[in-house]
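S.K.: Generate coordinates for the entire structure from the input sequences, incorporating the hints supplied.
Protein chains: 6
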Amino acid sequence: MSTSTLGIVKRSITRADRAAVTTLSEFGVATVHEAMGRVGLMRPGMRPVYPGARLCGTAVTVLLHPGDNWMLHVAAEQIQPGDVVVAAVTSECSDGFFGELLASSFRARGAVGLVIDGGVRDVRDLTEMRFPVFSTAISAKGTVKATLGSVNVPVVCAGAVVNPGDVVVADDDGVVVVPAAGAESVAKAAAAREANEAGKRDHLAAGELGLDMYSMREALVRAGLKYVD
Amino acid sequence: MSTSTLGIVKRSITRADRAAVTTLSEFGVATVHEAMGRVGLMRPGMRPVYPGARLCGTAVTVLLHPGDNWMLHVAAEQIQPGDVVVAAVTSECSDGFFGELLASSFRARGAVGLVIDGGVRDVRDLTEMRFPVFSTAISAKGTVKATLGSVNVPVVCAGAVVNPGDVVVADDDGVVVVPAAGAESVAKAAAAREANEAGKRDHLAAGELGLDMYSMREALVRAGLKYVD
Amino acid sequence: MSTSTLGIVKRSITRADRAAVTTLSEFGVATVHEAMGRVGLMRPGMRPVYPGARLCGTAVTVLLHPGDNWMLHVAAEQIQPGDVVVAAVTSECSDGFFGELLASSFRARGAVGLVIDGGVRDVRDLTEMRFPVFSTAISAKGTVKATLGSVNVPVVCAGAVVNPGDVVVADDDGVVVVPAAGAESVAKAAAAREANEAGKRDHLAAGELGLDMYSMREALVRAGLKYVD
Amino acid sequence: MSTSTLGIVKRSITRADRAAVTTLSEFGVATVHEAMGRVGLMRPGMRPVYPGARLCGTAVTVLLHPGDNWMLHVAAEQIQPGDVVVAAVTSECSDGFFGELLASSFRARGAVGLVIDGGVRDVRDLTEMRFPVFSTAISAKGTVKATLGSVNVPVVCAGAVVNPGDVVVADDDGVVVVPAAGAESVAKAAAAREANEAGKRDHLAAGELGLDMYSMREALVRAGLKYVD
Amino acid sequence: MSTSTLGIVKRSITRADRAAVTTLSEFGVATVHEAMGRVGLMRPGMRPVYPGARLCGTAVTVLLHPGDNWMLHVAAEQIQPGDVVVAAVTSECSDGFFGELLASSFRARGAVGLVIDGGVRDVRDLTEMRFPVFSTAISAKGTVKATLGSVNVPVVCAGAVVNPGDVVVADDDGVVVVPAAGAESVAKAAAAREANEAGKRDHLAAGELGLDMYSMREALVRAGLKYVD
Amino acid sequence: MSTSTLGIVKRSITRADRAAVTTLSEFGVATVHEAMGRVGLMRPGMRPVYPGARLCGTAVTVLLHPGDNWMLHVAAEQIQPGDVVVAAVTSECSDGFFGELLASSFRARGAVGLVIDGGVRDVRDLTEMRFPVFSTAISAKGTVKATLGSVNVPVVCAGAVVNPGDVVVADDDGVVVVPAAGAESVAKAAAAREANEAGKRDHLAAGELGLDMYSMREALVRAGLKYVD
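Protein chains in written order, with this note's numbering: chain A, 1367 to 1595; chain B, 1367 to 1595; chain C, 1367 to 1595; chain D, 1367 to 1595; chain E, 1367 to 1595; chain F, 1367 to 1595.
No lab work stands behind these hints, which were simulated from the structure alone. Keep in mind that the hints are not guaranteed to be accurate.
All copies of an identical chain are treated as equivalent in the list; a pair is satisfied when it fits inside any one copy or across any two copies.
[As the list claims (entries may be wrong)] Below, in silico cross-link-like pairs of lysine-lysine (BS3-like), each with a Cα-Cα straight-line distance of 30 Å or less: (1) 1554 / 1511; (2) 1566 / 1554; (3) 1511 / 1592; (4) 1511 / 1566; (5) 1592 / 1376; (6) 1511 / 1376; (7) 1592 / 1554; (8) 1376 / 1566.
M.R.: Structure, rendered in C-alpha cells:
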C-alpha cells in the first residue's frame, strides 16, 4: 500500500540477470544514466568514501531509523554474492551507521559495496580494504540498535527509487539505479552509446567542433543566436 | 521499466476514492503520516508559500526539466476538480516555475493547489488568491518552455514517491502522500488516532505526566535511567 | 582595475531617472526581471524581514568586512531621499550588521530600505517601523567597527552586480537590479509586459488552456510528446 | 568528566534568581547578548515557530538521540513554573520531536516554552496555543521512544553551552543563554544599555549621523578612508 | 545596459597580456588575491575536480541556462590557446554540464581548463587527462541543448565578475579573477609579496613569533588584551 | 560567568597527562568517541585538509572574530610541544584564517596541528608540510588583525566544548575532545574496546553474522520483526 512497510524482511527477491550486471559493470554511471533515458540517478550529494571507488551489483535494500543501524545487521544475512546494500534512512542523518566491522561482515557474505543516504565511519579502514562505499556524510558517531526498519522493501534512496534486486552502479560521478527487469536492455543501450562516443571523441580531440559534428549551427541561428565583434 | 519515462502524458489515471479524500482533508499532515505507518512524507524543506496554507487532493504528477515549466502547461489540461498538481524536477532548481497566471489557470480547471520540488514566484498574488502552494524555494526567475518532461508518470518529489491519483495532504507541518488504493484505510486510521489523542490531550493538559499516562517508568528503569540529586 | 576598491567613499554618483524609478516601483520583481531580459536578479536566499516588505529606490552601495558594520555608518551620510542601501560583504556572514538604530538613521536621511547579503537584527522593531529590509540571515549578534570597506563602488551582492545609482526593486519574490542607464526602457518594457499579462490572466481564469493561448500544441508534438491512456 | 553523560536525570538544579529572570524578560535578545559581552548566542538557524514568539525562563536541559523524544517525557516531570525546556540532539535531526500534546503537558507543568536544536510539528496548534517554540526545523515526522538521553546535564544547543538553571531568552532575533550566576549583573547591564540606546535613537531619528554621534570621523581617516568625487 | 545579454557571441575580445599571464601562473591563488587588494575571489564552494589541479589563463566566458550546455559548444569555437572557459549559470544547478568529450574538444582548441559555477561529470576521465576543472558540483546527469545563453559577455561566476579576456587563476585554495588591464601590475605585486613572505617564513620557522615580527604587542595592549595566569 | 570572555589570554593551563595523550594517539576518533560514552564529538563538517591527516594533542584554545586571525598570532606564543591549536569563531566564517606561514610558526613552537571551525588556505603547502589541519572550509581569502578574541578560554568549536589542556584527537572520521581529567580513563577504555573489536572482526570476516555474534535475533522478534518470502 505504501512505499515501504516497517518491520519487514523479505527473503526472496528477484535479482537482475547476472550477465547484464556484468555488462553494466563495464560502464560508467554517466553512460548508464544516459542509456536509462536519464532517470534513476541519485542526488549528487552521494560521494565515494575514497577517490576511485566504484561498484556494480544487485540491491539488497534497507530502511533505517535515524541514529540506528540495527537493520544493517539484519540485512547482512540476506546478502548474496554480487549484492550491494542500499540503505535509506527515514530522515536525514549524518551518523556513522557503518564501519569496518560491518564491512568485514558484508564482504564475507559476498557484498561488493554499500550505498547509504547517511553517514559512515572508519574511512581509513574502508579505504585500505578497498570496500567501496558511497555515502552522504562521514561521521565518527556510532548508532544504536533499538528500532525496527525493513529489509528488501522498495526504498527511496537519495531521491531514487530502489527495488530489491535492481542493479546499482556507482563511481566518482554518482550512483544510478537500473530496474532489474530492464538491466539487459540498458546494458545494450550503454554499449551502443559507448561505441558511438568513441568515434566522437576522436573527432573532437582532432579539433573538430561539436558545432559541426552535431550540426548545431542552423538550430542556433534559428533560435536567434547573434555573433558580434 | 524505470521510475518515470520522459515525453509521456498519461490521460487516464485512477484517482483515490473521493469520500476518502474528503475524510483525509479533515486531518493534519502529522496525523495522516502516523496513520500511514510513518511513510510517505516529503522532506521538511517543502514549505507553504503563505502561513496557514493547506490542501488535500488527488495528484496529477509532472516531471520537469530544471529551468523549464513547459510541462506545467501540459498538466493543466489533465486537471480535474479536486486535483493537486505535484511537480518534481530532474535536478534541484530554485527557479520560479509557477506564478499567478498558472495559478489562475489551474484554479479554473479545478485544481486545489500545487506541490513543487522547486521554486515559485508571485508570492503576493498567490497569497491574495489563497491558492495553496508548497515549494522548496521562492524566486522571481522565470523559466523557458523548451524541453519535454512527462505528466502523470510516477515521480519522486522531495523524497516521496507519488503516483498519479494518490492523495496529497499538505499543511504547515509538511506534505504527505497517501497511495490511492490505501486512502480509505488511512482515513479510518487517522480518525481513530485523532479520537485517541483527544483523550490524551485532556489528561496532559490537566497535568498528568506522559511518564504515567504511557506507563514509561518501568521501561526507563530497565533501560538504565538513573535519577540523581 | 578591479570590481571594487577598499577604503574608498565616492560622494558623487549618478542616480537613475526619478520618474523611471517611480514607474518601476509599480511593478513586482518578477515583472521587472522579465522586462530586463532575465538578468540582474539576486540569488533566492535574499528574503524580506517581514512578509509583504517591498521597496524601490536608487542604490547607495557598501562593501563590508565580515562581522564589521563600520561602513554602514559611513554610507548613511551619502544617502539621499529615495535611496536604498545595498550592502555586500567580502565573505558570507550571518551577523546582525543592521538594526533599529541604523534604520532610524537611514530613514531620517531619506532611505527607503536596505538590501544586505548578510544578517540583520531587531526584526520586531524593523517590522513595527515598516522599514523594508531584505537580508540573507537574521542574527542578534552585533558587529565591530574596525576595518574599512567602501561606499559607492560597484559591488556583487548576492550574485548580482550593483553600481551606485542603479535601481533596486525588491518584494516577496526577491531583489532585482536595473542599471541606471536602462531604467526608463525597462520601466516601459515592464508596463508593456504587465498590460500583456492582464489579458492572458482573464483568458486563463476563464478556463482557456495555456496550450491553446500560447499555441504550444504543435511544438510539443514536434518535440515528441506522446499522449497515452 | 565530559560535557554530558547519558542516562542521567538530575532532579535538583539551581535556577537563576527569579527577579533577574523577570528583569531580563523585558529586553530583546540582541540587547541581552550585548550585555553579556557578546557571548552565549545560539546559531542563527534557531527560528520561532510563529512570528513574534518570545520567551524568557530558566533552563531544564535535555539531551536527545536523533529520531527519539523519550527524554522529553522524562523532562516534563522536572519542569517547574517559569522553566524553558532546552533540548539538544546528539546529531543533527529535523524530525518532529515535539508537538501539541507535549506542549499541553509542558504548559500544564508551568513551562513557558521550548528551545530545540531539531524539529517540531503541529505548527498550527502551537501557534493557536501561543506556546513559544524555537527550533531549527519543522517536520511532521514523529519520533520513537527507545533510547536514553539525559535531563538536566550541561548541553551544547545550537552552538551555545546551556547549564540547567541558566536563563534562556528568545525572540525573533534568536536565542541567548545567560548563566544563572550572572543573571543579575547581565540584567543590570541590559537595562543600562537600553537606557543608553534610547538617547541615541532620538538623535539618529533627528538626522544626526552615527559618524558624528559616535565620533568616528577621525578613526576613519586614520584607518585610511578616502573620499573621492 | 545589463550585466549580460542573452543570445550573443562576442568573437573579438581583448585578452590580458601574455607575459603577465605567464608570470601570474607562477603564484598561488592566495598570493594573487592579496596582490589584487583582496578582491576578485570566487566563493569557496568552487573546488578542483581532482586534488592538485591548477590553471592560469585568459577567460572565454559563457552564460548557461540550468540543465543546458548548448553554449559550451558555441564557446569551444571561440577558444584560443591559453584560454580558460569560465561558465556561469543563470541559477544554481548541479547538473553535469561538462565531461570528457567536451574536455577533449576544449583541449584540442588550446584551452587550459574550465571554471564552472555548476556541475561536471566524467571525473575519472578528467583526472586521467589532467584537464583541470573547478566546479561547484559533480553529477552524472547530462544536459540538453535547447536554450540560448551567451559567450564572451561579462558574467558573475560564483560571486566574482569575469570579463572576457580577464586572467583566471585557480588552485586548491579557490579561483581568483584578475582584470585584463591590471594583469601586469598584479603580477608585479604578487612577485613582491612572494619575495616578502619568503623572509618571514624563515623567521617563523626558526621560532620567532608573529607577535614580534609584525610588532603586534603594543597594538594588542592598546586594544585591551589582558594576560592572566 | 560566561562560556568565554573576550580580550583574555590565559597563560597557565593544565594539560592532560602526557602518557594518556600518547596512548590516545594510537586510536582512531571513532574508538575514542565510543570510549568517551559517545560525547565530545565535533560536527561532521570538520574535514582534514588532506586525506589521511591525523593528530592527537593537548588543546590551546582560541576564540576568533569572523574575518580576523589576530588571536592566532597571540596563541602561537602559548603553544608548547604536543599542543593542538583549537580555534572557534564567534560566527560562521569560511575565510582563510590560517596558511603556511602560521603553520611554520606553529610547528616551530611544537604544535602538532590545528582544528578550526572556519577556513584555511595554502592547502598545497600544508599538504607538503604534512601539517595536519581540520577545518570547515578552504578559502584563499585572507583575514585582518583588528579585533580581540581570547586565548585559552573554554570554547565551543563545531558543537563540542573544548577547555584548554583537553586532548583533541582527529582523523578522517572527524574530531573528538577528551577532557584533560578523563584522559587516562578514556585511554584505558579505548584500549579495551579495541581489544574487544579485534575478536569480533575475525568472526565477522569468517562469515559469522552480527545477528548471532551479538545475539540479536530474540530482541528483533520481540520488537516485531517479520520475515516474509
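S.K.: The structure should be examined with respect to each hint, and the outcome stated for every one.
M.R.: Consistency of the hints with the structure:
no. : hint        : verdict
1   : 1554 / 1511 : between (42 Å within a copy, 25 Å between copies)
2   : 1566 / 1554 : within (19 Å within a copy, 43 Å between copies)
3   : 1511 / 1592 : between (63 Å within a copy, 17 Å between copies)
4   : 1511 / 1566 : between (52 Å within a copy, 17 Å between copies)
5   : 1592 / 1376 : between (60 Å within a copy, 8 Å between copies)
6   : 1511 / 1376 : both (20 Å within a copy, 26 Å between copies)
7   : 1592 / 1554 : between (40 Å within a copy, 24 Å between copies)
8   : 1376 / 1566 : between (46 Å within a copy, 27 Å between copies)
Consistency note: the structure conflicts with none of the earlier hints.
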